[in-house]
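S.K.: Listed here are the chains, written in short residue letters.
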Amino acid sequence: MAEMFLARYVYLMVIVLLAIGLWGMLGKRNLLKKLIGMNIFQTAIFLFFIEGATKLGGSVPVISPELGMEAARYVNPLPHVLILTGIVVSISLTGVALAFLIVIYRKYKTLDDRAIMLKMKEETSE
Amino acid sequence: METYYSLKPLLAVLVSLLAVVLIVIPNQRPNVRESWTIMAALAKFAIVLSMLPSVLGGNYPAITLFSISPGISLALKVDSLGIIFGLSASLLWILTSFFSIGYVRGVPEHKQTRYFASFAVCLSATMGIAFAANLLTLVIFYEILTIATYPLVIHKETPEAIFGGRKYLVYLLTGGVFLLFALAFTYQLSGTVDFQPGGILPAQVSPSSVIMLFILFLMSFGVKSAVMPLHSWLPTAMVAPTPVSALLHAVAVVKAGVFGFARAIGFVIGPALLHQSGAAGVLAGFTAATILLASLIAIRQDNLKMRLAYSTVGHLSYIVLGMTMLSPGAWVGALLHIVNHAVMKITLFFCAGAIYVRTHREKVSELNGIGRQMPITMAAFTLASLGLAGVPPINGFISKWYLVQGSFDGGQLAIAIVFLLSGLLNAGYLLSITIRAFFAPSERFTKFGEASPLMVVPLALTALFSLLLGLFPERFPYFYQLASQVAASVLGGGGP
Amino acid sequence: MSSLSILTLAPLLLFAFITTLVGIWRLKWAYAAAVIGMLLSLIAAGAGVFRVLAEGKLRHFLGGWPPPFGIEYVLDHLSAFMALIIVFIGLIAVVYPPEAGLYQPPRKGIPMYGLLLLLFAGLVGVVVTGDLFNLFVFLEIYSLASYALITLGGDRAVVASFRYLILGTIAGSFYLLGVGFIYFSTGTLNMADAAQRLVPLYSSPVVMAAVALIVIGMCIKMALFPLHVWLPDAHSYASPMVAAVLAGIQIEVAAYVVVRFMLTIFQPHYFIDVLPVTTVIGWMAAVGIIFGSVMAIAQRDFKRMLAYSTVAQVGYIGLGIGLANPLGLIGGLLHILNHAFMKSCLFLVAGGIRYKTGLHEIPKFAGLGRKMPLMMAAFTVAALSMVGIPPTAGFFSKWYLVLGSIDAGNWVFLAVILASSLLTAVYFFRMVEKLYAVPSSGDAAVEQATEPSAGILVPILVLAVGIIILGLINALIVTQLLMPVAALLPS
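Chains as they are written, first to last, in this note's numbering: chain H, 1249 to 1374; chain C, 8 to 503; chain Z, 2 to 492.
Next up, chain H with everything else stripped away, as it sits in the complex (with noise of 0.2 angstroms):
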């Protein structure tokens, strides 16, 4: 398995991009920085799935009489269907958060986290 993952630079480059996803989501104040945080880490997990459905040599996975029915010549579908619908998820998310981020800023005049803290402290004590 490790070598496998050696072997597969792709992977690096899944595990950096989810670094860097973690880090905007969580590290970032504003907010639609974490937004798109969200995005890349999202898309990490997407390219890793259709990284791992790759074969070298595989060919599209419509059955064609050149290459018979073995299984082995043809990439793998399946993780590319989870995919679209983990693509259809991601964007229904994005959506809505990008719906949420238009009310904050109407209310708060703002999208920095601490901003919208202190404004809401204020709020408050008035």
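Warning: the hint list may mix true and false statements.
Distance condition first, Cα-Cα at most 35 angstroms in a straight line; then the derived DSBU-like pairs of lysine-lysine [claimed, not checked]: (1) Lys58(Z) with Lys1369(H); (2) Lys365(Z) with Lys174(C); (3) Lys163(C) with Lys435(Z).
From the derived model, a few chain C residues whose C-beta atoms are all more than 12 angstroms from chain Z [to be verified]: (4) Ser76; (5) Arg121; (6) Thr165; (7) Gly205; (8) Met313; (9) Phe404; (10) Val464; (11) Ser496.
Honestly, the hints are just simulated from the structure, not real lab data.
Idealized CB from N, CA, C, for every residue including glycine.
We have chain H already, so just place chains C and Z on it with the hints.
M.R.: Below, chains C and Z without anything else, positioned relative to chain H:
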């Protein structure tokens, strides 16, 4: 011992719950509401009394309702020990109900619906504790009792009452938590929680487990039975209206703690294992200290109800101390003292209530000459005081006699001395009130007169009961026989 | 084969659409459609429980495709138990009047009922699916619906919901990544199939990483300390009815996922002995119980107090998992049911108080006990159950947890359970005292308060009575439904 299926134990528990439903019906006249209380009290006593003959004959009414945890049922069984507690509590509830009516009208108290409803719930819970056939059932009713008493403690809704309520909850809920632990530990050790005379723990249980279990019971039942240093909620809870102090803080609630000890020592751990472990000595030490300390503190109290509260603390420890001695004589004495102390202490509280309603005085130092104004009340007070001090032929003497005898049987001379010494102290702090009331020069007393018959008759009756129980302990309702049966079944062998 | 699993799910999904469509036109019709959908689902869930009790595990192959090719839906004791809780609490929430549940009736354009049904569909989907990826989809469905529903609580709720969305997505993504690891190790997404194929792979670091990712993700979702940070804001700013659903059933579903992975997808010893999963969950839960209780004591706002109390109560469920013995797990699972009733009841009471008086801070509640006797009686029952006073339901989950702790010889957990009962008593009796003992300050809001209408009162009373009934019949639930589940654990 035989058991037979009977609905009566369940009815005894439920009848006052039914009364709760009727009491809380909104917009009814006070007379109607109070009549529900009285009717429930009478019905409850009648049901309990009807079970007495068969229990005396060694045939126990029992009912198993349904499984409440895998392997454990919600079950009631009326044995000799249970009926001692059930009979005394239900009888005194009748008198307290009359007294309450007189009291709440005399003061007058607010929110009487809540008052009478909580009272009825407390009595249901008390019956449940008395008749519980296993520890889980007992714990359920025990906790219900804790909660149902809370509204009565905070009844006056003054900051003082709220503070009393908080303190009450902190102590009692902590005790309840330890009780849950004790219950689970018992189940773990023995695989059952059904009470058996002589205990249910397997013989191979290690002494350290027995000691731990005993300490857990001590931390839980010790709170309700106000063993020092777990007692301090009881004096604080005296902010409750006097009938509450009378029935609950002298009879039902605190006796539930003591009763819990009886179940724990005699029917869960068992005297044999307890004796081997030597843990009972710890409790004996605590209770002996409590008896003396509480008496000493009581002498210094000027507030009448506080003085009575500390007296209660001391007398509860009499009972527990008696049980820890694990000798038949001491057990008979302890069990009789459950009843006898209840009857005497309720008389004293009734007197305190009657005095408060008539004169709004709560302090001992203000009672000079009151005996001439309220002769019946103070006569009853004197009788009960003498009884608590252990003067024959009042019932307090009987139980103390057996307790002292039991301590001689066990060769525990020091304990016998504690009993005798505390009798003197009792006389000191209670009879001094009598002396004030009758012999001290009366200062600026206007004509007060006796309180309403609703209050005077109950207190006279309880005083009479203590005399009768002292003169004829082996007659109806046969408390002596019942106590001997319990002692024999728990400790083996015949009575003392 | 039985399609009861899918029959519980289908009405919810179907009526989520119908409700939304008719809701554009008339709100009342949306309400009617939502209630019908919930009732249909409730019937199926109830029938599901009875069928499972009679026949054991029920499997349904979606579209007739047998696993591992098709998606399988499974109804076993655990999922039937969960599905019934979800649908029942869901029905109560739907019936609860939106003017009290959401502060104000939603505008016509907002598909409130549609979102609710979608939320319940997602929750039911998670518990009935037999497919790892399908579970992720349902997880995101209910998460999305809940993000949207939280925002109905106002501007602050939007901020809280956004934060929750970020953390919730991390949780969901961790789960997806974990499933990816499992899939690439075993080549299957079917739970039963994966369970067999995973056994020889137990020493593989990839599988271990998958377990870690999935468990961390679900711990975020169930707000187990210290991953609870999103919960207090989200649950206290959400409107009462939404909070009731979120605290009552949503976070518990994440706990279900952990139990499912521990018991059936992996073998229990893998989570107990090979990896320290249960140990870690148990200790996080223990700290969370104390932390949540102490924080709850410090709150003035009723709903915020309830939210912190949820952090503590979820700890009980976590503790049940962490004890990793049958009695402990029974306690944890029973607490899912009990907590659903108690916490929903309390949040709905919060909604009722807010609707009738506009009050939300506990110190201002003085004197309300006399004004709303029935609703406050229900509150008191729920509060007593939270403290663990018998014969209410809360006592019994504690009882099994205590038994489990003694069985495991874990005295620290035992001490935590017992101590937290007292801490819970502190914050609930503080309010009981205000309601009944402290005289009203003469506040006009309290003076003019009256018992709320039947629409608000009935759901609350149903839950309160349910708390007592559940306590009395707990042995039935435990022996019939939970013992077969817990039997999978080594005792």
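S.K.: Each hint should be assessed against the structure and marked as holding or not.
M.R.: Here is what the structure says about each hint:
For the proposed pair Lys58(Z) and Lys1369(H), the alpha carbon gap of about 53 angstroms is over 35 angstroms, so the pair is violated. At most 35 angstroms may separate the alpha-carbon atoms for a hinted pair to count; Lys365(Z) and Lys174(C) meet this at roughly 23 angstroms. Under the criterion of a C-alpha separation no larger than 35 angstroms, the hint pairing Lys163(C) with Lys435(Z) is consistent with the structure, at around 14 angstroms. A beta-carbon of chain Z comes within 12 angstroms of the beta-carbon of Ser76(C); the shortest separation is about 5 angstroms.
In this structure Arg121(C) is not separated from chain Z by more than 12 angstroms, as the shortest Cβ-Cβ distance comes to only about 8 angstroms. Under the 12 angstroms C-beta cut-off, the non-interface status given to Thr165(C) relative to chain Z is violated; the minimum distance is some 9 angstroms. Even its closest Cβ contact with chain Z, about 24 angstroms, leaves Gly205(C) beyond 12 angstroms, as expected for a residue assigned away from the interface. Listed as a non-interface residue, Met313(C) keeps its Cβ farther than 12 angstroms from every Cβ of chain Z; the least gap is roughly 22 angstroms.
In this structure Phe404(C) is separated from chain Z by more than 12 angstroms, as the shortest Cβ-Cβ distance comes to about 40 angstroms. The claim that Val464(C) is not at the interface with chain Z holds, since no C-beta of that chain comes within 12 angstroms of its own (minimum 33 angstroms). Annotated as non-interface, Ser496(C) keeps its C-beta farther than 12 angstroms from every C-beta of chain Z; the closest such distance is 28 angstroms.
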